[in-house]
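Residue numbers (the working numbering), protein chains in the order written: chain A, 283 to 644; chain B, 723 to 1024.
It is possible that part of the hints are untrue.
[As the list claims (entries may be wrong)] DEER-style ranges, computed between Cβ atoms:
#1 B:Ala1005 - A:Ala398: 42 to 50 angstroms
#2 A:Gly606 - B:Ser828: 22 to 30 angstroms
#3 B:Ser828 - A:Ala307: 55 to 63 angstroms
#4 B:Glu914 - A:Gly606: 37 to 45 angstroms
#5 B:Tyr832 - A:Thr292: 29 to 37 angstroms
#6 B:Lys912 - A:Thr292: 34 to 42 angstroms
#7 B:Ala1008 - A:Gly394: 33 to 41 angstroms
#8 A:Arg491 - B:Trp1010: 22 to 30 angstroms
#9 B:Ala863 - A:Thr292: 30 to 38 angstroms
#10 B:Lys912 - A:Lys410: 52 to 60 angstroms
#11 B:Ala863 - A:Lys410: 26 to 34 angstroms
#12 A:Lys352 - B:Ser887: 46 to 54 angstroms
#13 A:Phe298 - B:Tyr832: 35 to 43 angstroms
[Said to hold, decoys possible] Footprint (simulated), chain A over chain B, 3 or more residues, beta carbon under 8 angstroms:
#14 743-757
#15 903-917
[Unchecked claim] A few chain B positions that, by computed beta-carbon distances, are all more than 10 angstroms from chain A:
#16 Gly769
#17 Asp781
#18 Gly805
#19 Leu839
#20 Leu842
#21 Trp855
#22 Ala864
#23 Trp875
#24 Ala878
#25 Leu884
#26 Gln922
#27 Leu924
#28 Ala926
#29 Pro968
#30 Ile995
Please keep in mind that the hints were generated in silico from the structure rather than gathered at the bench. As the structure is a prediction and not an experimental result, all values here were calculated from the model. All C-beta atoms, glycine included, are put in the ideal place defined by N, C-alpha and C.
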Amino acid sequence: MALLEIQGVTRRFGDFTAVDDVSLAIEAGEFFTLLGPSGCGKTTLLRMIAGFDLPDAGRILLNGEDLADKPPEARPVRTVFQSYALFPHMTVDGNIAFPLHMAKTPDAEIPGKVAAALEDVRLPGFGKRYPHELSGGQKQRVAIARALVTHPTVLLLDEPLAALDAKLREEMQLELIGMQKDAGITFVYVTHDQTEALALSHRIAVMNRGKVEQLDEPSKIYGFPRTRFVADFIGHCNLLSGPVRSAANRVVVVDVAGLGAVEVATPLADATRAGAGGTIALRPEKVRIEAASDAARGNHYRGTVSELLYMGDVTVYRVATAAGLRIEALLANSKAGRAQFFEVGDAVDVAWSADAGHFIAE
Amino acid sequence: MASRADEQRAGKWWVSGPPLLYLLVFFAVPTLIMVLASFRTPGEFGGLAPLRDESGALDLNLESYQRFVAETVYAQVFVKSVGYALVTTLACLLLAYPLATLIARSPKKYRDLLLLLVILPFWSNFLIRIYAWMIILGPNAALARVVNGAFAWFGAGPVPLLFSSFAVLVCLVYVHLPFMVLPLYANLEKHEQALLDAAQDLGANAWQRFWRITFPLSLPGVYAGAALVFIPALGIFAIPDILGGPNDTLIGNLIKQQFLETRDWPFGSVLSIVLTVAALSLAAFAAWIGRGRAGAERPVRA
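With these hints in hand, go ahead and build the complete structure from the sequences.
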């Protein structure tokens, strides 16, 4: 049995269904992420787990026990808020001791536990400071220390890194992974940042319009998106849509306007019929870009470079085909002394093997 | 040649000069006159005796101060006034806190209307509002009939509501309540819901959330409201004059008597000075406590 079970949970606000019949099972010790654009219902779901909001239908079970009748203060669940929500009139020590006082921890044990919690988030000696004397990253750590000091069963994190700058965010991501591993506590993490979700999570539930579109490991979410939405939302993706011309022998051929017949290898071939709609999701890093040549191969198209973005480690090329379709290709700048290979206006060929794309049936 | 900095400095004086001058002429100078008057001798027919006596020597003395210390009845009135002001402040706080919370938590579009209702009484004359209480508390009014009817039920005799300490305190609270509500509202309205959510998430029940989060964070508002109520309540004379009984003479009434009836200006000045000093030191004391508690809200390194 999973530690935290969400069974058929629905939450409506007037005519708007924020969370629509969502079922999830989150295991003990898991780093679980709810990922989606704003308004997809991820924060509403988190608030229902914390107890700040109640489902209109469905149940939330923790260790097999229905949480419906428990107010937030009685749930063995802690939240790290996006705004940190540190108490401004208390020192760091006071903030971290707060849940211990609430849990009626004997006074003699409190200083030791507070010091240990500060040690865990690498802020020893900061106990006497007030929140306004801390940087954003330090506030974040104090908020985490405060939430973890009573060893909750589940820690909920609501976009905890959104307010930090890019460099600090990356550092905190690594630390969060370490903290989660050390504490052995189940993390339920809410974010709209797909790179963050891919980097941190054991499993990701991609949400859209109140529903879970795909629940999988990060590599599966990235490599094998189940829907067009997931393919588009996670990373960059060329989405080539059209009617299916033929499907046989684990290969589907899709008629893509502007390209013609495009082959894609997929285990779904047997279940796909000619004439049905389909999309090929093609990651830019799997598209080869090379100088135009006459060697004819499958999935091999002529075009001109219309735009390029030099990003330092890689260069992103947008290649326009004769019919006006744009294909994005990504080229690593790892070759010594050569920062970029093509200029805008160059005639190039883009090509990919049949197993580079991922077929999504519609 | 005048530099830009000089010009800016001159500009500042143009802006802050007039109000400064106003305060100097109508506050600082009269205060100095009063301090001087407190050391002078009362005139034969009231007012002040000449500054120089017949021999031409300056006639300044401590007699009025000595009288204040010697005749303890004045100190007693003083203590009673502080007591009334404290009770008023506390009652206002207890009534205003829930009211300010209600306004701060009501939907934004109603807040201005509710605030307007709080300050609505200011639109009618202060004295008229006090006289209205004479009618409300009068012996033939519904309130007195109900109260005395209830007292009679338990076998107790009728009690007069008007011309009593009760009447004075009720009116003191009524008049000063808005001065407590407004600063409390201004403070409570800024509180972040996320802090209360966090406290609840960390295991605090409703009472603990109030006592450990909301109340400490509202202390600056509490202190501001307490000062706005306590200081005017300490010096008030109209309310005990109109609604009070013989035992409800407060320091404000004494001062008024000294200037208008007894015409002992030096002693009236002494009482005024003692009142001012007392109010200022209490305010300083409150600010000192406030700094210790609310220190967290101020940047220490600034």
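Stated coverage of the stretch 743-757 of chain B by chain A [criterion: 3+ residues, CB within 8 angstroms]: violated (count 0)
Beta-carbon spacing of A:Gly606 to B:Ser828 - inside the hinted bounds 22 to 30 angstroms or not: The hint (22 to 30 angstroms, Cβ to Cβ) is violated, given that A:Gly606 and B:Ser828 are roughly 57 angstroms apart.
Pairwise beta carbon distance, B:Ala863 to A:Thr292, judged against the given window 30 to 38 angstroms: violated (58 angstroms)
Outside-interface status for B:Leu839 - nearest CB in chain A farther than 10 angstroms: holds (30 angstroms)
B:Ile995 remote from chain A - nearest C-beta pair above 10 angstroms: holds (38 angstroms)
Verdict on B:Ala926 as a residue remote from chain A, using beta-carbon distances over 10 angstroms: violated (5 angstroms)
Hint check for A:Thr292 and B:Tyr832 - Cβ pair distance inside 29 to 37 angstroms: Roughly 32 angstroms apart at Cβ, these two residues keep to the hinted range, so it holds.
Residues of the stretch 903-917 of chain B with Cβ under 8 angstroms from chain A, three needed, outcome: Per the Cβ count (3), the hint holds.
C-beta pair B:Ala1008, A:Gly394: status relative to the range 33 to 41 angstroms that was hinted: With Cβ atoms ~37 angstroms apart, the hint holds.
Range hint compliance [Cβ, A:Arg491 to B:Trp1010, 22 to 30 angstroms]: The hinted range 22 to 30 angstroms is violated for A:Arg491 and B:Trp1010, with Cβ atoms some 57 angstroms apart.
55 to 63 angstroms as the expected CB spacing between A:Ala307 and B:Ser828, which holds or is violated: violated (42 angstroms)
42 to 50 angstroms as the expected CB spacing between A:Ala398 and B:Ala1005, which holds or is violated: holds (44 angstroms)
Checked against the numbered hints above, the structure breaks hints 2, 3, 4, 8, 9, 10, 11, 13, 14, 26, 27, 28 and satisfies the rest.
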